[in-house]
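A.B. asks: Relying on the hints, combine the two individually framed chains into one complex.
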Amino acid sequence: MAYRVLIVDDSPAMRSFVRRVMELSGFDLSDCFEAGDGAEAMKLLASEWVDAILTDINMPGMDGEEFLRCLSADDLLRSIPAIVISTDATRNRMDRLTTLGARGYVTKPFLPEDLREVLERTLGDPNV
Amino acid sequence: MSELRFQRALHDSVQEVLEKMFFVEPLDEPPGETESQDGDMAVELSFEGAPSGALTLRVSSAAARQIAADFLGQEESGLSSAQVGEVVCELANMICGSVLSRSESTTTFRLAAPRLLPAEEGRISQQAADRRATHAVAIGSGTLSATLETRDPVWPQAEESAF
Numbered sequence: 004m005a006y007r008v009l010i011v012d013d014s015p016a017m018r019s020f021v022r023r024v025m026e027l028s029g030f031d032l033s034d035c036f037e038a039g040d041g042a043e044a045m046k047l048l049a050s051e052w053v054d055a056i057l058t059d060i061n062m063p064g065m066d067g068e069e070f071l072r073c074l075s076a077d078d079l080l081r082s083i084p085a086i087v088i089s090t091d092a093t094r095n096r097m098d099r100l101t102t103l104g105a106r107g108y109v110t111k112p113f114l115p116e117d118l119r120e121v122l123e124r125t126l127g128d129p130n131v
Numbered sequence: 380m381s382e383l384r385f386q387r388a389l390h391d392s393v394q395e396v397l398e399k400m401f402f403v404e405p406l407d408e409p410p411g412e413t414e415s416q417d418g419d420m421a422v423e424l425s426f427e428g429a430p431s432g433a434l435t436l437r438v439s440s441a442a443a444r445q446i447a448a449d450f451l452g453q454e455e456s457g458l459s460s461a462q463v464g465e466v467v468c469e470l471a472n473m474i475c476g477s478v479l480s481r482s483e484s485t486t487t488f489r490l491a492a493p494r495l496l497p498a499e500e501g502r503i504s505q506q507a508a509d510r511r512a513t514h515a516v517a518i519g520s521g522t523l524s525a526t527l528e529t530r531d532p533v534w535p536q537a538e539e540s541a542f
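First to last, the protein sequences are chains A and B.
Counting from 4, one number per residue, gives the positions in the first sequence under the numbering used here.
Counting from 380, one number per residue, gives the positions in the second sequence under the numbering used here.
Derived by calculation from the structure, the hints in this document are not laboratory data.
Bear in mind the structure is a predicted one, so any value in this text is a computation, not a measurement.
From the three backbone atoms N, C-alpha and C, an ideal C-beta is built for every residue, glycine too.
Mixed in with the good hints there might be a few duds.
Unchecked claim - Partial chain A-side listing against chain B, Cβ under 10 Å, derived:
id	residue
1	ALA16
2	SER19
3	PHE20
4	VAL24
5	SER28
6	SER82
7	ASP91
8	ASN95
9	THR110
Claimed, not checked - Some chain B residues close to chain A (C-beta under 7 Å, calculated; not the full set):
id	residue
10	PHE402
11	GLY452
12	SER456
13	GLU465
14	MET473
Bound conformation, chain B alone (with noise of 0.2 Å):
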């Protein structure tokens, strides 16, 4: 898969997410740092498999309240911390498995936990270009940044793995 291929996953799976499983519809929103605030959130999740690599999601708290509350079917103000990261990880969660199956990688992906990070630990990292896509949409008064990296040139021909 191209570089341009890779990012239009990123950005196919970002959209299709949200839009299916979380009921909103998200603007694109031109990529680039932001300073973190209370409350916004970052998950990493990594994933072993040609290629492997890294999910990296940034989202503001007010974003993430509000695809926890479109998710789970509950008011905002009702809603706890615990709730809202556990669903921004299974949104990382379902964002990765979407970019990888369209990778066309004919290798069984293994997807590790999510894990929640201090926001100001989600940074973008220096990673080359033709290794790392990031789509960054907002939703409603929030936004959400999904970065994927991944260890080896993106999505180089695939053979059959272990797992």
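Okay, chain A solo, but in the shape it has when bound (with noise of 0.2 Å):
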């Protein structure tokens, strides 16, 4: 199954390499968007459906953590596995994030593996 993915980070040099990493590490993509903060994705959210978010945490305008708030509130777009990628790799953040609705973590720095491992999980993939 081929999957719809949205990237949600203030740089764009980080949202490419995410997009790049996907793909390099084989996890099946069908279509990718990106958004440079929470209050752009909520915007594209309203009319395309993805299956993942893959989400930064600090952003100018709505960071991750108002971001993530956000879906949680929403009926529809709750049940959209949404997964941060961080370079806070403390206890604290991610306890915090898991209590905001966050259902994945990658720490940054990655491997392509660790994030195809995570997206997997988080989507239910068999072979995992």
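C.D. replies: Structure follows, in structure tokens:
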């Protein structure tokens, strides 16, 4: 099954890297959408359905935590698995984001297979 | 965290970030002041937590272009200076986050957005040695130097912060 994924990050370079890493890892990607912050992502999600969201935390405008709150507050969007990609690997932060609704966490730096594993585990791949 | 572990955390973070995210194998290089050349870049990123401080990254033009090309999967010749600057900022963000994650602090750190500086401003400060760590590496024909300074002694036993 090919998946539709939304990448939310204020850095175009990071968005480009994440997209490339998904492709390199062999993850089955059909469509990839990008947004520069949570507000832009919410706007995009009003017209496009995705299977998973990869989001940064620190972003100008609507940051990752507020974005997760918005997703959780929406009856439809809360069902989309959101995975956080961040440099912050502290237990505090991970616990906090899980409470806000994050279904997975990838710490930068990461290998392509790390991202693929978290994506497939979150999306329920039976091989993982 | 002791001064030695602070230095080790910076060393390991620089190596790991460059290898995993930029697909380059850096070689250790003795730290020291080098003359800035045209095209060299410096980035500063401050952070708040326990401890608070800043990371400064100085990257030669050759190293900056190589890591940007590796990160974006593009030819160096096709990169704009804005793209190279953006990648160097992302590199600073990842190194800083990686060091802080190794600090064993219970604080949730707040990192500011990385800021590009004129290369000559990215000089190593006179902060006391127990509040500063520097790691320099060679990347291809270029160099990269990371300096992390804290406003307080390195990694005091942190209390939970409000953040």
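A.B. asks: If you check each hint against the structure, which ones fail?
C.D. replies: 5, 6, 10 and 12
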